[in-house]
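Peer 1: Chains as they are written, first to last, in the numbering used here: chain Z, 474 to 715; chain U, 474 to 715.
Among the clues, some could well be false.
Which copy is meant is left open, because identical chains are indistinguishable; a pair holds if it fits in one copy or across any two.
[As the list claims (entries may be wrong)] Simulated pairs of lysine to aspartate or glutamate, EDC-like, Cα-Cα distance not exceeding 20 angstroms:
#, residue 1, residue 2
1, K584, D639
2, K644, E507
3, K643, D577
4, K567, D678
5, K640, E656
6, K640, E611
7, K643, E540
8, K643, E601
Since the hints were made in silico from the structure, they are not lab data.
The chain contents come next:
Protein chains: 2
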Amino acid sequence: MSDLHLGEHISRRFNEELEEVRSKVLHMGGVVEEQLANALRVLVNDESNLARDVLEADAIVNSLEVEIDEECTRIVARRQPAATDLRLIMTVSKTITELERIGDEAKRIAKMSRKDMDGVLNDEVRGELTHMGDLVREMLRLVLDAFARTDVETAVTVVKADRKVDKKYKKIVKLLIDQMSKEPDVIPAVMKIMWAVRSLERLGDRCQNISEHIIYMVLGMDVRHIKLDDVLADIEAQMGPE
Amino acid sequence: MSDLHLGEHISRRFNEELEEVRSKVLHMGGVVEEQLANALRVLVNDESNLARDVLEADAIVNSLEVEIDEECTRIVARRQPAATDLRLIMTVSKTITELERIGDEAKRIAKMSRKDMDGVLNDEVRGELTHMGDLVREMLRLVLDAFARTDVETAVTVVKADRKVDKKYKKIVKLLIDQMSKEPDVIPAVMKIMWAVRSLERLGDRCQNISEHIIYMVLGMDVRHIKLDDVLADIEAQMGPE
């Protein structure tokens, strides 16, 4: 085999390895998506039988995290990736940490919801929670899509969506505080709902974190600590007029 | 310069670069430690004038995170680090993400504490909070020390210490729920304290995460998803009888 062919061969193998890693991340994302969907059904629809599924999926998520991280280290050690590929690998490594913790939050929601809150979740809060759950699930779906297609625009949409989640979160917290004031007897039960809502809000934050990693990977600028509006202006400038 | 000397020269420069990164992480850790100390003084000693310091330090922490991450990518791209050094660099990258979020939690504590909780924090809760704050500060100090000296034993101590923090957390939550039940008027104010306590508990979790990254880096096994007791048994077996 000539050097040129050898070079091509190595580079093809390298791209295949990157693709494998990427598809493993998406697989992991799929498992976490299902964990979240089930946790929300436990919380909002009282389908407590699903809590066990959420807890059991944890082992899969954890072993995928370890496996992907090992794979990333191996690839970097074996190949000598250029800066762009390196950035992809660093992004993968940070993304799977976030995904694993999204799974943890889903677990917290599923655990908290099982006991002690019977009859305490009123229709108004349930409605708002359903809506908040839909928003967060959509964020997770979009951010995985943004990762799969390395799509900055979708990643930006996720960052924007987090604002809606935060607004909804504040509304629900207010409702729950009102409920506690009116019915002091159920405070411990309402607090369980409160923690679940908090976990949901944090879950949205973690989707936003992943989006920021993706934007950083693509644009090579660090948006984690820049105002969102400035980032949007920058992206629009780069894309030119529509 | 002979090839041998060139090789030595490159390897010395590489080690110097790693040392620089390591010392930057410790510098970042120092800033975060001060953020936490100040946030706790805002919360427990009502020194609300310090809240501004906590918020201002955020900019320093953020820019250190970006700087260190860039530096890590540059080092990996320029050198061809062996697996061990690569693991160090991946650990650095994950550690600074945790440190930055510890700073965020400190900011949350400092922000929440400023308003609305006057006269609501009773002596018992204040005493417990002071103790919990001391425990978490000690965790952060120890984990930075473990990082500086790549010391697995200290990292394990941190993981153990998190159990104490969790216990204290549960105790305080119980006290606050009791208080809300007895004095429904102050529920919104007590909830502010509740969120601060939650942030403190999460902060302990993040110190534990860093410890796990360090243990993983040194022992090359993934302890994030193994039971602590098994890890301890493993470490003791490796160290032999004392």
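Peer 1: Which of the listed hints are not met by the structure?
Peer 2: 2, 5 and 7
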